[in-house]
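Based on the hints, put chain B in the right spot on chain A.
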Amino acid sequence: MNIVVVGLSHKTASVEIREKVAFASNQMEKPLKELVELPDVNEGLIVSTCNRVELYAATHDMAGGMARLKRFLADYHGISLDILEPHLYNHHGEAAIRHLFRVASSLDSMVVGEPQILGQIKTAYGYAAEYKTSGIILNRFLHKAFSVAKRVRTETKIASSAVSVSFAAVELAKKIFGDLTDKTVMLIGAGEMCELAAKHFLNSGVRGVMVTNRTFERAERLAEEFDGRAVRFEDLFDHLHKADIILSSTGAIHFIIGAKDVEDVIRRRRQKPMFIIDIAVPRDIDPKVNNVDNVYLYDMDDLQQVVASNLQLRSEEAKKAEGIIEQEIGRFFNWLSMLEVTPTIVALRSHFEEIRQAELAKTLANWKELPPDGRKRLEALTSAITNKLLHTPTSLIKQTGQGGRTDLYLDALRQLFELQTEEPGEEEIGELEE
Amino acid sequence: MNALLFYCTLGIYCAATVTYLAYLLKPQQILGRAAHWMIASGFLIHCVFTVARYLEAGHTPITNLHESLSFFSLAVVGVFIAFERRYNVFILGSFVTPLALILLLASSLYSADIPKLPPALKSNWLLVHTSLAFLSYATFAVAFGAAIMYLIQEHFLKKKRLGPLYQKLPSLVILDEINYRCLTFGFPLLTIAIITGAIWAETAWGTYWSWDPKETWSLITWFIYAALLHGRLTTGWRGRRAALLSIIGFFVLLFTFLGVNLLPGESLHSYDRLLGGKY
Numbered sequence: 001m002n003i004v005v006v007g008l009s010h011k012t013a014s015v016e017i018r019e020k021v022a023f024a025s026n027q028m029e030k031p032l033k034e035l036v037e038l039p040d041v042n043e044g045l046i047v048s049t050c051n052r053v054e055l056y057a058a059t060h061d062m063a064g065g066m067a068r069l070k071r072f073l074a075d076y077h078g079i080s081l082d083i084l085e086p087h088l089y090n091h092h093g094e095a096a097i098r099h100l101f102r103v104a105s106s107l108d109s110m111v112v113g114e115p116q117i118l119g120q121i122k123t124a125y126g127y128a129a130e131y132k133t134s135g136i137i138l139n140r141f142l143h144k145a146f147s148v149a150k151r152v153r154t155e156t157k158i159a160s161s162a163v164s165v166s167f168a169a170v171e172l173a174k175k176i177f178g179d180l181t182d183k184t185v186m187l188i189g190a191g192e193m194c195e196l197a198a199k200h201f202l203n204s205g206v207r208g209v210m211v212t213n214r215t216f217e218r219a220e221r222l223a224e225e226f227d228g229r230a231v232r233f234e235d236l237f238d239h240l241h242k243a244d245i246i247l248s249s250t251g252a253i254h255f256i257i258g259a260k261d262v263e264d265v266i267r268r269r270r271q272k273p274m275f276i277i278d279i280a281v282p283r284d285i286d287p288k289v290n291n292v293d294n295v296y297l298y299d300m301d302d303l304q305q306v307v308a309s310n311l312q313l314r315s316e317e318a319k320k321a322e323g324i325i326e327q328e329i330g331r332f333f334n335w336l337s338m339l340e341v342t343p344t345i346v347a348l349r350s351h352f353e354e355i356r357q358a359e360l361a362k363t364l365a366n367w368k369e370l371p372p373d374g375r376k377r378l379e380a381l382t383s384a385i386t387n388k389l390l391h392t393p394t395s396l397i398k399q400t401g402q403g404g405r406t407d408l409y410l411d412a413l414r415q416l417f418e419l420q421t422e423e424p425g426e427e428e429i430g431e432l433e434e
Numbered sequence: 435m436n437a438l439l440f441y442c443t444l445g446i447y448c449a450a451t452v453t454y455l456a457y458l459l460k461p462q463q464i465l466g467r468a469a470h471w472m473i474a475s476g477f478l479i480h481c482v483f484t485v486a487r488y489l490e491a492g493h494t495p496i497t498n499l500h501e502s503l504s505f506f507s508l509a510v511v512g513v514f515i516a517f518e519r520r521y522n523v524f525i526l527g528s529f530v531t532p533l534a535l536i537l538l539l540a541s542s543l544y545s546a547d548i549p550k551l552p553p554a555l556k557s558n559w560l561l562v563h564t565s566l567a568f569l570s571y572a573t574f575a576v577a578f579g580a581a582i583m584y585l586i587q588e589h590f591l592k593k594k595r596l597g598p599l600y601q602k603l604p605s606l607v608i609l610d611e612i613n614y615r616c617l618t619f620g621f622p623l624l625t626i627a628i629i630t631g632a633i634w635a636e637t638a639w640g641t642y643w644s645w646d647p648k649e650t651w652s653l654i655t656w657f658i659y660a661a662l663l664h665g666r667l668t669t670g671w672r673g674r675r676a677a678l679l680s681i682i683g684f685f686v687l688l689f690t691f692l693g694v695n696l697l698p699g700e701s702l703h704s705y706d707r708l709l710g711g712k713y
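In order, the protein sequence lines correspond to chains A and B. Mapping of the first sequence onto our numbering: residues 1 to 434, in sequence order. Mapping of the second sequence onto our numbering: residues 435 to 713, in sequence order.
Among the hints, erroneous ones may be present.
If we take Cβ atoms under 10 angstroms as the criterion, some of the chain A residues that face chain B in the derived model are [what the hints assert, rightly or not]: (1) Lys144; (2) Ser160; (3) Leu172; (4) Lys174; (5) Ile176; (6) Arg269; (7) Ile397.
Straight-line Cα separation of at most 30 angstroms, DSSO-like style, residue types lysine-lysine; simulated pairs [what the hints assert, rightly or not]: (8) Lys594(B) x Lys183(A); (9) Lys592(B) x Lys199(A); (10) Lys376(A) x Lys362(A); (11) Lys157(A) x Lys594(B); (12) Lys183(A) x Lys648(B); (13) Lys592(B) x Lys183(A); (14) Lys319(A) x Lys593(B); (15) Lys592(B) x Lys602(B).
These are calculated hints, taken from the structure and not from any lab test. Ideal Cβ positions, reconstructed from N, Cα and C, are used throughout, including at glycine.
One chain only, chain A, in its complex shape (with noise of 0.2 angstroms):
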């Protein structure tokens, strides 16, 4: 049994692309169901996120199962393959357990490190667990790709750092004042760059936002947008003591905000500290601001440093999560393996049992002068033969079932020793695991 993967992502295909072959999350079930029906393709799954479309299998016939998998995404959307071809990437065997497993621990993802990711997978099992389309294989790759994703976050620092200087912004407050839903936010001036950190600040739950602006409409209009109150430029000074964090980006060419005044500002809180973000290029604020005690100043350069180094930190992180989904899919892999091998091994043993066990009974039967041990030798001597006599065979099966050509040894076995196997349930799984 091999796992094989088709499916295409952002690396692959415009959005123009993607967009045709999405699945619409609330209708599952059909495409599950058309998936397995397939021949061949004994367990599905589909993933369909806004970045990338995949379809996993679990079948018997690996090139065949990655070419239908194909057709069947083109003809499902009504699309030639010939269009959606040069899109496709395919994977099968160790690969395919590699792309499930990067996938999962966010390091396929545009933005590396990001959360959003393992929670889709999730969800795309849980219809695959639903409509009953995942079997044994599937459900065990999934949950192990989960625990990979898992070990990933907790093992190395991929997603502990803010990418993005409004993020960087608002993760820095936190260190500064950890709870900030009683903080107030002050934004002077107005810009995109400035009222997008404002919205990420009261995403994180802080209390008020105060505007000003030197058009006193322009601050009441973004006042109203945030459900903040407007103040009046001139009055700025008035009200500076009661922000704990400061937005500022105004088109001013002079510095607006000195070291003078916000040492006032800073004695009228009582010494309560201050975050000041400066974002105005030329700057508002005068950088010996820095140097006040509990004020902690940050422009638009020191926020882009920590953006490049939190970046630069990610990247360093993805080698060691790389070097994880190395050693999980070996575990894996082997796993997988030993699926085929093992009902052989086990069919193989209990013929050899039962032949041991007939002639034994056969031979006890007939001796009338049994010495009061004889039983027990002659159990420990049969048994040690047919053991070593199977040792060979069996450890060599197992090397070759971690890669090699399995197929050809169990079928050579189960002809020459009329061996009837079936497929394993669940919990014998459970048993061969280590």
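Below, chain B without anything else, positioned relative to chain A:
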């Protein structure tokens, strides 16, 4: 038996300190949790040791350097565990447990023989006065740890150096609050310790206050923390200034505890072993 408990505690504190320091450098949350349980179990054994010692000696085991260093260490760990739980900051341990370990190591250098208590000191005041004093010392020790963390984190934020340690340290406000909480617990404890000391002195030596070096330095320590508390409550001394002052306060406190014994002249409080002589 007591020796076994003592060295068992020492071993666990040592392991916990190493784990806390590893937690400082490595991102694994599990290290923090492991260290927390280590120090908690060490604390329990340390408590058992202290009670066993009390039963064996028949008086509060805070009479010589061996005992008082050990009790100081016990109190630091106890107060630290309370704060770690309350504020959920494992990393506080990286700054406080080394101190507890050093105190206990120092204690192990002194003889564990049970001292003969002069009749003047045989009193219930021994328990009240000394344990309150060391509890207040311990809260100031935790304040000291939080203050150092504050200064480090403030340095990172001001200089815009946001490395892994910055990520790990809690926010400035939390650190400042721990500092403040310690002060609000430690200061009343120190005050009561000084008052009970005075009452005891009156019953034992017939005078409330004799300007013994220990008494003088305790008063200096008290004034420093009083000033800090006053500053906090009135003009909003917080953050950096509060952190610096609680670091200074702690050094003065350490001098009150140990250094006074090194001063020339007799002190009613000098512990026997430091000067290697009589009580």
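Hints and how they fare:
no.	hint	verdict
1	Lys144	21 angstroms, violated
2	Ser160	7 angstroms, holds
3	Leu172	7 angstroms, holds
4	Lys174	6 angstroms, holds
5	Ile176	5 angstroms, holds
6	Arg269	8 angstroms, holds
7	Ile397	38 angstroms, violated
8	Lys594(B) x Lys183(A)	22 angstroms, holds
9	Lys592(B) x Lys199(A)	25 angstroms, holds
10	Lys376(A) x Lys362(A)	15 angstroms, holds
11	Lys157(A) x Lys594(B)	20 angstroms, holds
12	Lys183(A) x Lys648(B)	46 angstroms, violated
13	Lys592(B) x Lys183(A)	20 angstroms, holds
14	Lys319(A) x Lys593(B)	29 angstroms, holds
15	Lys592(B) x Lys602(B)	17 angstroms, holds
Violated hints, in rising order: 1, 7, 12; the structure is consistent with all others.
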